[in-house]
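Asks: Protein chains in written order, with the working numbering: chain A, 1 to 113; chain B, 1 to 117.
I should point out that these hints are in silico values taken from the structure, not numbers from a laboratory. There's no promise every hint is true.
[Stated by the list, open to error] Here are the simulated distance ranges between beta carbons: (1) MET54(A) x GLU10(B): 34 to 42 Å; (2) THR114(B) x GLU79(A): 24 to 32 Å; (3) GLU69(A) x GLU17(B): 32 to 40 Å.
[Stated by the list, open to error] Which chain A residues face chain B? A few, computed with CB under 10 Å, are given here: (4) VAL4; (5) GLN37; (6) PRO39; (7) GLY40; (8) GLY42; (9) LEU43; (10) PHE48; (11) THR101; (12) GLN102; (13) GLY107.
This structure is a prediction, so every number in the text was calculated from the model and none was measured. Virtual Cβ for every residue (Gly too), placed ideally from N, Cα, C.
The lines below spell out each chain.
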Amino acid sequence: DVKVTQSSRYLVKRTGEKVFLECVQDMDHENMFWYRQDPGLGLRLIYFSYDVKMKEKGDIPEGYSVSREKKERFSLILESASTNQTSMYLCASSTRTGRETQYFGPGTRLLVL
Amino acid sequence: AQKVTQAQTEISVVEKEDVTLDCVYETRDTTYYLFWYKQPPSGELVFLIRRNSFDEQNEISGRYSWNFQKSTSSFNFTITASQVVDSAVYFCALSGPSNFGNEKLTFGTGTRLTIIP
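Here chain B stands alone, though its shape is the one from the complex:
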């Protein structure tokens, strides 16, 4: 069975600080995909990134960066120089191989990030 753990329930940081959101996953599949979504107060989940299990390169997109380490089954998300607009709930998710019945995503319980002005 697949499992995603986001141990940090809530994090608060002062604006301009860096913050890292942790994500640890469990799967028996050799091919899988990892995702991060952002849910602002408006409620809609916004896709941030998708990573496949064969690509362990870190990725940077502006102030966002992701660190994928298969050895520790982690896919952590760092926001550099945080801003108030980064306040949201962030979800890490895992999907399996592409077979019928495996299209679903397994989500973590989310981390609520609050950026204090």
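The following block holds chain A by itself, in its conformation from the complex:
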């Protein structure tokens, strides 16, 4: 079974803090994704990566950066957290081609105070 894990289920941070969200997958998938989920908006793509050290902006990259130093790990970084980044963050991975299924982690619910 594919397993995607995220470092925290719940996180509380203060405005202006630097926040790291970690995602690890154990299926040797090439692609990894970060989404945020907000009520009424569904899932929106923040960034994705199709290879180590490669990244592509998604639909809402502003205020975020990412890092992929190893194939299995994809980090989402909030350089200076703001209250409007309070959300549920979901990581996913898939094999190379776009037609393949994305497998999701359990999500991190982030609260920025």
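Dock chain B against the given chain A, drawing on the hints supplied.
Replies: Just chain B now, kept in the frame of chain A:
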């Protein structure tokens, strides 16, 4: 641009009733893939089905069935004899051809299904 519309925000049905979740999509691609995911209260999205644009056959998996109609750009999901464990948020999603930059999924806003015991 791709778009997925799930017009039903919330649905409540009594246990054992059948329920259909609607999904309408927009794309200019001739090759695309449609997905349904389930998000139970625990939060993790669970993959249910993937369909490619060349396969319009309906699919049945136990109490779940999917109706794909290209003519109406719809990919509806029916749960037969619903159970309380079916309570979740359900997302329909669309992906494009397999090129770099097109691997992403476009999600609908989700339908929250509540099964009343």
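Asks: Hint by hint, note whether the structure agrees.
Replies: Here is how each hint holds up against the structure:
For MET54(A) paired with GLU10(B), a C-beta distance near 39 Å keeps the hint of 34 to 42 Å intact. Checking the proposed 24 to 32 Å range against THR114(B) and GLU79(A) shows it is violated: the Cβ atoms sit about 39 Å from each other. For GLU69(A) and GLU17(B), the Cβ-Cβ distance of about 50 Å falls outside the hinted range of 32 to 40 Å, so the restraint is violated. Checking VAL4(A) against chain B by beta carbon gives a least distance of about 9 Å; that is within 10 Å, so the hint holds.
Taking 10 Å as the C-beta contact cut-off toward chain B, the hint placing GLN37(A) at the interface holds, the least distance being around 8 Å. Residue-level restraint check for PRO39(A) holds (minimum Cβ-Cβ distance to chain B is 9 Å; threshold 10 Å). Because the closest C-beta pair between GLY40(A) and chain B is about 6 Å apart, less than 10 Å, the hint holds. For the restraint placing GLY42(A) at the interface with chain B, the shortest Cβ-Cβ distance is roughly 4 Å, inside the 10 Å limit, so the hint holds.
Interface restraint check for LEU43(A): the shortest CB-CB distance to chain B comes to about 4 Å, inside 10 Å, so the restraint holds. Here the hint on PHE48(A) is kept, as its CB sits about 6 Å from the closest CB of chain B, short of 10 Å. For the restraint placing THR101(A) at the interface with chain B, the shortest Cβ-Cβ distance is roughly 5 Å, inside the 10 Å limit, so the hint holds. At about 6 Å, the closest approach between the beta carbon of GLN102(A) and any beta carbon in chain B falls short of 10 Å, and the interface hint on this residue holds.
Proximity of GLY107(A) to chain B holds as hinted, the smallest CB-CB distance being about 4 Å (cut-off 10 Å).
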